[in-house]
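Q: Based on the sequences and whatever the hints tell you, model everything.
Everything in the sequence shown is counted per the numbering used here, starting at 24 for the first residue and increasing by one.
Note that these hints are calculated values from the structure, not bench results.
In this text, all values refer to a predicted model and were calculated from it rather than measured experimentally.
Just so you know, not all the hints are guaranteed correct.
When the alpha-carbon atoms are kept at most 30 Å apart in a straight line, the in silico DSBU-like pairs for lysine-lysine are as follows [stated by the list, open to error]:
no.: 1; residue 1: LYS222; residue 2: LYS93
no.: 2; residue 1: LYS93; residue 2: LYS149
no.: 3; residue 1: LYS323; residue 2: LYS302
no.: 4; residue 1: LYS283; residue 2: LYS302
no.: 5; residue 1: LYS323; residue 2: LYS283
no.: 6; residue 1: LYS149; residue 2: LYS222
Beta-carbon label-pair distances, calculated as ranges [stated by the list, open to error]:
no.: 7; residue 1: ALA291; residue 2: ALA32; range: 35 to 45 Å
no.: 8; residue 1: GLY179; residue 2: GLY95; range: 18 to 28 Å
no.: 9; residue 1: ASP292; residue 2: THR62; range: 34 to 44 Å
no.: 10; residue 1: ARG43; residue 2: ASP330; range: 32 to 42 Å
no.: 11; residue 1: ARG80; residue 2: GLU253; range: 43 to 53 Å
Glycine included, C-beta positions come from ideal geometry on N, C-alpha and C.
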Amino acid sequence: MLPNDPADAIRAAAEAAAPRLVALRRDIHAVPELAFQETRTAGIVAAELARLGIPHRTGIGRTGVLGEIKGGRPGPTLAIRADMDALPIHEETGIDFASTVDGQMHACGHDIHTATLLGVAEVLLKMAPQMAGTVRLVFQPAEEVLEGAAAMIADGAADGVDLALGFHNHPDMPVGTFGYVRGACLAASDRFDLVVQGKSGHAAHPYAAVDPIVAAAHFIAQAQTVVSREIRPLHPAVVTVGMVQGGTTYNIIPERVHLKGTVRTLHADARDTAEAALKRLADGLQTTMRVRCEMTYVRKVPPLVNDDRVLDPAIAAVAAQMGVTPEEGEPSMGAEDFSEFAARAPAFQLRIGSGAPGRDDRLHNAFYQPDERCIELGVQALSRAALELLR
Numbered sequence: 024m025l026p027n028d029p030a031d032a033i034r035a036a037a038e039a040a041a042p043r044l045v046a047l048r049r050d051i052h053a054v055p056e057l058a059f060q061e062t063r064t065a066g067i068v069a070a071e072l073a074r075l076g077i078p079h080r081t082g083i084g085r086t087g088v089l090g091e092i093k094g095g096r097p098g099p100t101l102a103i104r105a106d107m108d109a110l111p112i113h114e115e116t117g118i119d120f121a122s123t124v125d126g127q128m129h130a131c132g133h134d135i136h137t138a139t140l141l142g143v144a145e146v147l148l149k150m151a152p153q154m155a156g157t158v159r160l161v162f163q164p165a166e167e168v169l170e171g172a173a174a175m176i177a178d179g180a181a182d183g184v185d186l187a188l189g190f191h192n193h194p195d196m197p198v199g200t201f202g203y204v205r206g207a208c209l210a211a212s213d214r215f216d217l218v219v220q221g222k223s224g225h226a227a228h229p230y231a232a233v234d235p236i237v238a239a240a241h242f243i244a245q246a247q248t249v250v251s252r253e254i255r256p257l258h259p260a261v262v263t264v265g266m267v268q269g270g271t272t273y274n275i276i277p278e279r280v281h282l283k284g285t286v287r288t289l290h291a292d293a294r295d296t297a298e299a300a301l302k303r304l305a306d307g308l309q310t311t312m313r314v315r316c317e318m319t320y321v322r323k324v325p326p327l328v329n330d331d332r333v334l335d336p337a338i339a340a341v342a343a344q345m346g347v348t349p350e351e352g353e354p355s356m357g358a359e360d361f362s363e364f365a366a367r368a369p370a371f372q373l374r375i376g377s378g379a380p381g382r383d384d385r386l387h388n389a390f391y392q393p394d395e396r397c398i399e400l401g402v403q404a405l406s407r408a409a410l411e412l413l414r
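A: Printed below as a string of structure tokens:
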């Protein structure tokens with residue numbers, strides 16, 4: 024650990040910044056912005072970095088912001104990333120600072136993340152002389168559509184990065200607790216569109232038509248066998264058809280049916296198997312069901328793999344700062360495009376408990392209300408982890 028224990032200095036700086044950070048979070052929460060529309064949020068971030076005197080650039084990956092804090096000695100570059108975008112959900116919380124934008128809400132806590140990283144910036148700026156290296160502050164757009172990280176990286180956000188640190192609030196964990204997963208912690212996320220082209224006709228005369236609805240139903244049923252019969256049982260995978268669109272009324276067999284779905288995997292071979300199997304099933308329908316199939320399969324983001332070279336010192340630092348040992352948890356089949364940074368440098372994503380006493384909140388829910396104390400606690404934990412990684 025660091026030779027001069029910085030715990031008290033970090034705690035004092037985080038506590039002093041907390042009221043302003045909560046106010047910033049509420050301001051951002053009240054005006055949520057969807058993917059690549061985060062202009063107001065990015066403006067708030069840029070104004071705060073300017074107030075602190077931290078050099079920064081805007082317009083990175085369209086609406087992202089990059090800041091840099093140089094340490095007192097040469098060393099590696101550590102990227103710390105927070106996401107900024109909201110979700111297309113109508114807020115139902117009734118809180119004083121609830122969303123003022125109909126149909127949009129910070130239901131995943133990216134407002135919490137943005138405020139937390141601004142607090143980390145303030146703490147690390149004060150402690151920069153103790154750092155050997157550079158902290159790159161990454162305020163990222165469009166995480167919810169899994170495109171913001173790639174957009175920022177295309178604009179140079181990962182250039183020269185040696186280590187990366189991410190974080191996410193967890194309302195399923197009590198505030199004041201922290202967690203981690205070794206290895207793959209979040210899934211690769213891929214998407215497919217399948218258009219099943221048949222031949223329209225009268226419902227009373229199916230022999231004179233080619234029914235794409237029946238063919239689509241066969242595909243949906245067969246797709247479930249990809250996981251149960253083609254992927255190794257110890258390699259988690261999820262295939263989900265999330266949209267079926269076709270037909271207009273009771274007595275017409277339609278021309279076509281459109282399916283949308285996702286594939287989530289933790290292992291490279293399972294990812295390859297699932298893609299090949301779904302394409303094969305679609306091809307098979309053309310022979311067995313007399314339809315034509317057009318599948319578009321897009322690989323979005325790789326699995327997020329935590330690297331022990333970042334995880335171990337970060338977890339030790341969090342335990343030393345907070346006086347609680349982060350708990351090891353299980354991987355999730357959710358996806359996160361922080362994995363784009365992790366694919367380019369050793370990385371670790373910290374889980375930060377945000378569950379409020381007496382509540383049972385979940386992410387992406389219209390009633391989600393994280394405990395705002397997680398902001399100050401997250402600032403402490405991440406600041407100490409950064410100092411340890413750049414000691």
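Q: Would you mind marking each hint as holding or not holding in the structure?
A: Structure-based check of all given hints:
{"no.": "1", "hint": "LYS222 / LYS93", "in the structure": "65 Å, violated"}
{"no.": "2", "hint": "LYS93 / LYS149", "in the structure": "11 Å, holds"}
{"no.": "3", "hint": "LYS323 / LYS302", "in the structure": "17 Å, holds"}
{"no.": "4", "hint": "LYS283 / LYS302", "in the structure": "13 Å, holds"}
{"no.": "5", "hint": "LYS323 / LYS283", "in the structure": "14 Å, holds"}
{"no.": "6", "hint": "LYS149 / LYS222", "in the structure": "69 Å, violated"}
{"no.": "7", "hint": "ALA291 / ALA32: 35 to 45 Å", "in the structure": "43 Å, holds"}
{"no.": "8", "hint": "GLY179 / GLY95: 18 to 28 Å", "in the structure": "25 Å, holds"}
{"no.": "9", "hint": "ASP292 / THR62: 34 to 44 Å", "in the structure": "42 Å, holds"}
{"no.": "10", "hint": "ARG43 / ASP330: 32 to 42 Å", "in the structure": "33 Å, holds"}
{"no.": "11", "hint": "ARG80 / GLU253: 43 to 53 Å", "in the structure": "46 Å, holds"}
Consistency note: the structure conflicts with the earlier hints numbered 1 and 6.
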